[in-house]
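2 protein chains.
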Amino acid sequence: MKKGDTYKHQFKVTAEVYKGFINVFGDKNPMHTDEGFAKEKGFPSIVMHGNILNGFISYFIGECLPQKNVMIYSQSIDFKKPVFLNEELVLHAEIEDIFESVKSAEIKFYFENSANVKVAKGKVLIGTNL
Amino acid sequence: MKKGDTYKHQFKVTAEVYKGFINVFGDKNPMHTDEGFAKEKGFPSIVMHGNILNGFISYFIGECLPQKNVMIYSQSIDFKKPVFLNEELVLHAEIEDIFESVKSAEIKFYFENSANVKVAKGKVLIGTNL
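Each protein sequence line maps, in turn, to chains V and F.
Residues -17 to 112, numbered by my numbering, are exactly what the first sequence covers, in order.
Residues -17 to 112, numbered by my numbering, are exactly what the second sequence covers, in order.
Looking at chain V on its own, in the form it has when it is part of the complex (with noise of 0.2 Å):
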């Protein structure tokens, strides 16, 4: 890895994953549930949890990464549009910098909807070489 480098995954918010993680965490706050809420609060059918896109930056710095010996050290996000169930969003990530002496590396990302409309974006430290 390397300062600029940049990556891009695509992600789906399938049925399977918004069940799954339901069926995990239990959070079925009506704006994610309830269909007539989510309506009433100005909003085309039920919003997905912003944490399932938390749950795609897992997979991305788990598994996407050159590199299998990584760790999150810090993780931050900003929800700016909403998703809904079925989206198909790309991640696009860059490596914002390298830190040798500490072993650590700064990613910025942000996750595109196929309308090409920024969703989210955030930040994540990972230390790398444990």
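A portion of the hints provided could be inaccurate.
Chain copies aren't distinguished; within one or between two, either way the pair holds.
Taking lysine-lysine pairs in the BS3-like style, the calculated list, with each CA pair at most 30 Å apart, reads [claimed, not checked]:
no.	residue 1	residue 2
1	Lys21	Lys(-6)
2	Lys1	Lys(-15)
3	Lys(-16)	Lys1
4	Lys62	Lys23
If you are wondering where the hints come from, they were derived from the structure by calculation, not from laboratory data.
Could you slot chain F onto chain V? The hints should help.
Here is chain F on its own, set in the frame of chain V:
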């Protein structure tokens, strides 16, 4: 909700949660799945995915606050200590600020393990009264 309100909620990283997270998101990084790899890196056993804690935050925000009309705007977390399978964690959360004008609230939190060690801490900005 008002500034200074505090909440506690207990979570357990059960095998069901751990396996469910892997099934949903596919992060099988060896740190999370290969006992030998984790031990080689100095851990007593495989380390749980940090984003399992973000899933717990989703549950807390969606299900444990006094109002259901909430939505996460942004979220950050620092992982301080590794979390292991079957660990029980207590989430301590506090309303740090209420921004009436923009109908949002900032919540700070930390997770403590049964040895009273803080394993992670962070902040969530939520929208309320949507």
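Evaluation of the provided hints:
For a Cα distance limit of 30 Å, the shortest separation of Lys21 from Lys(-6) inside one copy, 23 Å, qualifies, whereas the shortest one across copies, 34 Å, does not. Taking the shortest alpha-carbon separations for Lys1 and Lys(-15), neither the intra-copy value of 37 Å nor the inter-copy value of 34 Å comes in at or below 30 Å. Taking CA atoms no more than 30 Å apart as the test, Lys(-16) paired with Lys1 passes in neither setting, with 37 Å inside one copy and 32 Å between copies. Taking CA atoms no more than 30 Å apart as the test, Lys62 paired with Lys23 passes inside one copy only; the shortest distance there is 16 Å, against 37 Å between copies.
The structure is inconsistent with the numbered hints 2, 3, although it conforms to all the rest.
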